[in-house]
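2 protein chains.
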Amino acid sequence: MPGVDRTVLDFMLFDWLGAEQLTALPRFAGQTAQDYRAFLDLAEQLAEQEFLPAWKPSDRAEPELLPDGEVRLHPGVRDAVRTYLDAGLQLATVDEAHGGLQLPITVGTAAMSGVMAANIAASGFPMLSQANARVITAYGTPRQIALFARPQHEGTALGTMCLSEPEAGSSLGDITTRARADGEDAAGRRFRLTGRKMWISGAGQDITPDTIHLVLAKIENADGGLPEGTKGISLFLVPKVLPDMAPGGAGPNDLAIAGLNHKMGYRGISNCLLNLGEGTRHRPGGTPGAVGWLVGEPGQGLAIMFQMMNEARINVGLGAAALAWRGYLLSRDYAFERRQGRPLEDRRAPAPVPLVRHPDVRRMLLAQKAIAEGGLALCLYTARLADLAAAAETEEDRATAHARLDLLTPVTKSWPSEFGLEANHMAIQVHGGYGYTRDFDVEQLYRDNRLNPIHEGTTGIQGVDLLRRKVMGDGGTALAALLEEIRATAARAAGRPATASLAPGLQGAADAVEDAARHAGAADDPLQPLAHATGVLHATGHLVVGWLLADMALVDGAAEARLWTARHFHDTELPRVAGWLAPLREGSRAALDTPESAL
Amino acid sequence: MPGVDRTVLDFMLFDWLGAEQLTALPRFAGQTAQDYRAFLDLAEQLAEQEFLPAWKPSDRAEPELLPDGEVRLHPGVRDAVRTYLDAGLQLATVDEAHGGLQLPITVGTAAMSGVMAANIAASGFPMLSQANARVITAYGTPRQIALFARPQHEGTALGTMCLSEPEAGSSLGDITTRARADGEDAAGRRFRLTGRKMWISGAGQDITPDTIHLVLAKIENADGGLPEGTKGISLFLVPKVLPDMAPGGAGPNDLAIAGLNHKMGYRGISNCLLNLGEGTRHRPGGTPGAVGWLVGEPGQGLAIMFQMMNEARINVGLGAAALAWRGYLLSRDYAFERRQGRPLEDRRAPAPVPLVRHPDVRRMLLAQKAIAEGGLALCLYTARLADLAAAAETEEDRATAHARLDLLTPVTKSWPSEFGLEANHMAIQVHGGYGYTRDFDVEQLYRDNRLNPIHEGTTGIQGVDLLRRKVMGDGGTALAALLEEIRATAARAAGRPATASLAPGLQGAADAVEDAARHAGAADDPLQPLAHATGVLHATGHLVVGWLLADMALVDGAAEARLWTARHFHDTELPRVAGWLAPLREGSRAALDTPESAL
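Which chain is which? The protein sequence lines are D and V, in order.
Following this note's numbering, the numbering of the first sequence begins with 78 at its first residue and continues without gaps.
Following this note's numbering, the numbering of the second sequence begins with 78 at its first residue and continues without gaps.
Be a bit skeptical, because a hint or two may be false.
Put simply, identical chains are the same to the list, so a pair is met inside one copy or across any two.
Result set (EDC-like, lysine to aspartate or glutamate): computed pairs, CA atoms no more than 20 Å apart in a straight line [what the hints assert, rightly or not]: (1) K133 x E305; (2) K133 x D92; (3) K133 x E147; (4) K308 x E422; (5) K308 x E97; (6) K133 x E121; (7) K308 x D670; (8) K133 x E173; (9) K308 x D592; (10) K133 x D588.
Simulated from the structure, these hints should not be mistaken for laboratory data.
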């Protein structure tokens, strides 16, 4: 694939994660590895032929808001996504009952990685739509599924997630978009929505005639007030084009793209300010507000939306890992081609040597490779947890997978985002000055990847989620189970000469994370550990990635390259873990106690 | 200043570095602190009124190569630099004998920091010109000074440094620009130059009528060949506009801007491919080649150019620290204004609190502040070393300062560049999604700052310079002297209750760096430590910055804020040192031994 090494992807899927074993589960019965490979082939072809060519041009020509209120995308993006939908790739993991292929999420995730590497921004359209349609099929009524998920399955609509507002970004309890009851019809309980949604990726597009918005809003109290906090949030289906049963019949809903954000990168997808019910497309005489139908029960909005958010979080990590991969491959090629300087051991050599002869360049290639492979492995491992959480045979297996998935989601979101960006930083360094120019792809990869530590919850938010909710919240049970498995891998590594050197670093990092969790749990003031939650997040991510790299190196017949990558990561990256955890362990309170006047 | 806190700058200059004491040296006799403050006021005013307003517009409208071969800058940049020259700021540190103010480099550097924070790209014009003119006054003949330095002092010319070529970036021994002897005249030994220079900042501009290029080239052997390696490199003065004594008289030299690089950021200054002697402006009947005059002796080119390069390296660090400052101030303001979320300790608080109430945001503000203050302190400390190396009263004092300056130059260049970028990364995180949009200044700061780890020698090159030349090269003498001073500071800190907590971290980091240097010196294979030179560079930088932050906190009457910043850095950053040094210490060879097929 353009940017993700297919050999490595196949190794991870089939040799390491045993994708074939998934076919033993009832949900995937009758499927074969051959099916999975064929699907990956199709995705690879689309990534290369459709998504990649549109990547650079769509960075230079951003989406445009036209005078009629419609958004025009770069035609290359429009056509690539159109082709994706026509090929039916959005049906990969959809239930057969809804016309889908019912493939494992593991396989769909692997296929998506190549599309993301080719064009992360354009991949956002199908990614969001798939997650949107999955929420509708999970929580919607049969009629809602038919009206709002099916068009996405069939490729006549795309979906978005509308959470943030100008004054409520990460703080969803403060949203003020209001929903007023407006009766009931075949599509469900109908409401009229008014408010402004911010940062809505894909809200304006010219790929499909319809766009299905999943909108968080608060149902007005009898006195016209809004309920306080997150418990008052409900979820609504708000299509751009209203179906027949809407009051006044089929036609445009009262939605308006009020503006587009102009981003550092990630420019192929529109990012919109979406106004609901401001009257732009209001029908004369009708009730004011955009028409929306309730999904699930009132007050369940955030809980339901978390399914979409968690899926999107894993996909953010996946995209970041994919960009790291592409930057790694580009800088590797460059390092083998470009001759510059003399080897350190022979400054008088007659001719310049390829960059790859310089130890610091080799270091940067290995570091990138470890981040790219480790990040991708983390995302595929997490995707497999999602498969098992939904489709494992016993309740216990599903619960076990679910607990691990919950624990790792913040790590899977943020580790590739932060370190994939670091990888792209190194890809630029390998290119020298050329890497800073817009003529070289690594420049744009870096700008694109810079979004990933922000959207779907910043790194800081993921850190608090991990430490407070996932570790301190369950008394460390899920973490303990993970650490046990990591230690078992370290023991296996210790038992083989080729991998023995990996064991101490892994053990040490596991001990350090365990120790930090213990300190956090025992802290008199829970704010003290939480002030260092981001460090815990990085440390846990490094531990988990070090574990997965070792685990892959332990696969029978794994290529020698696996082993070198793991060794480099264990030698140079795992020693960083202690440093991130030190301020928590040592009880540093500087971040808490510094007076505001001294900030 | 816009982006650098003047109070902090004044503290560093007067209370910490004792700029007034410099006036006891003969070179600065008769100057007063009042002179220095007045100069800073002037620079501050220019930064705010001229450089800042041009910053954003010149990012959007890059320099243009016109059909006549001239380069048109953004008019805001042109006018800002013009005003700077008209105000005579370029004369700050120039000898009185050459019409300058003969101020300490420490003061000139402090003044420049504000200009850089306001508009790093535009500041490149005077920065390069000042370094260029300084080389000419140090190594040129009186006539060369009059012809080529004086116009820069007077503001009718700007200067550039022309080192790299398309096939020789960091590897200057491989340059192929050739110089053929062409007689002698009042300006010196005349040569004709042909070749292509790459990455030339400021080579094309419409601020001053003339541009003085300092060009590295090789003097042709009798057989028409070029000498091998760096020893064959000579330095030439190649003006855009030839003076009277040139063959054919005054008029355009045979130089052509063959193209402009399109960069991620740092767009206000042109970055050019400069062709010499390709005949574009050749006079009919004349000898081919651009006219240039030799500076110093043949073969001395690189040694002389290192003076300019080292000055530029310190200025790269300064610019990176200045951008970190501005990002810190912007995100601090934002964190105090923007209300979002509930405090961790009270999730049910009735209203959103300012971002600054969230521990992770406080952590990011303190981390940025430590990087900004530490980076600026490092650059000013290094500038003071440059003053003492040139103007201290005894030979011994000058030698001591020179050794320290040599040791720290790679650190001063790279530490603010790498960590200043990390600071700008955090400035974006504090802004959330807004920080990723081009409407907010932190977005551009981040793109601008991304150049700094590359130009004037990448971070990898600085690492090897530090470890091989500056540490292993002198048997660790200069490092030992530095460590002794750091330990003395740690002992002083230990003796006061308020600073006692800083001592152990500083001691530990000093021990770790010493230990790494010892391992490096004792290694059987010198390549093993050199493969981890970048880690040593980061570790040394952290140690030195930790030292300077502690030293500033120890100043009598230092604000409480100094102490908190130092504490946060010592608690959270110094523990990272051991991690960077571990792979050297533990003898990791993965970067060296991984076969090419496994990269």
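How the hints compare with the structure:
1. Taking the shortest alpha-carbon separations for K133 and E305, neither the intra-copy value of 45 Å nor the inter-copy value of 41 Å comes in at or below 20 Å.
2. Neither within a single protomer nor between protomers do K133 and D92 lie at most 20 Å apart by alpha-carbon distance, with minima of 34 Å and 51 Å respectively.
3. In this assembly of identical chains, K133 and E147 lie within 20 Å of each other by CA distance neither inside one copy nor across copies; the values are 23 Å within and 29 Å between.
4. When the C-alpha separation of K308 and E422 is checked against a cutoff of 20 Å, the pair qualifies only between copies, where the shortest distance is 19 Å, while the shortest distance within a copy is 65 Å.
5. For the homomeric pair K308 and E97, neither the shortest alpha-carbon distance inside one copy (42 Å) nor that between copies (63 Å) is at most 20 Å.
6. For the identical chains of this complex, K133 and E121 are intra-copy neighbours only, at 18 Å inside a copy versus 40 Å across copies, given an alpha-carbon limit of 20 Å.
7. For the homomeric pair K308 and D670, neither the shortest alpha-carbon distance inside one copy (32 Å) nor that between copies (57 Å) is at most 20 Å.
8. For the identical chains of this complex, K133 and E173 are neighbours neither inside a copy (36 Å) nor across copies (53 Å), given an alpha-carbon limit of 20 Å.
9. In the homo-oligomer, the alpha carbons of K308 and D592 never lie at most 20 Å apart, since the shortest distance is 35 Å inside one protomer and 56 Å across protomers.
10. Taking the closest pair of Cα atoms, K133 and D588 never come within 20 Å of each other, the shortest separation being 45 Å inside a single copy and 49 Å across copies.
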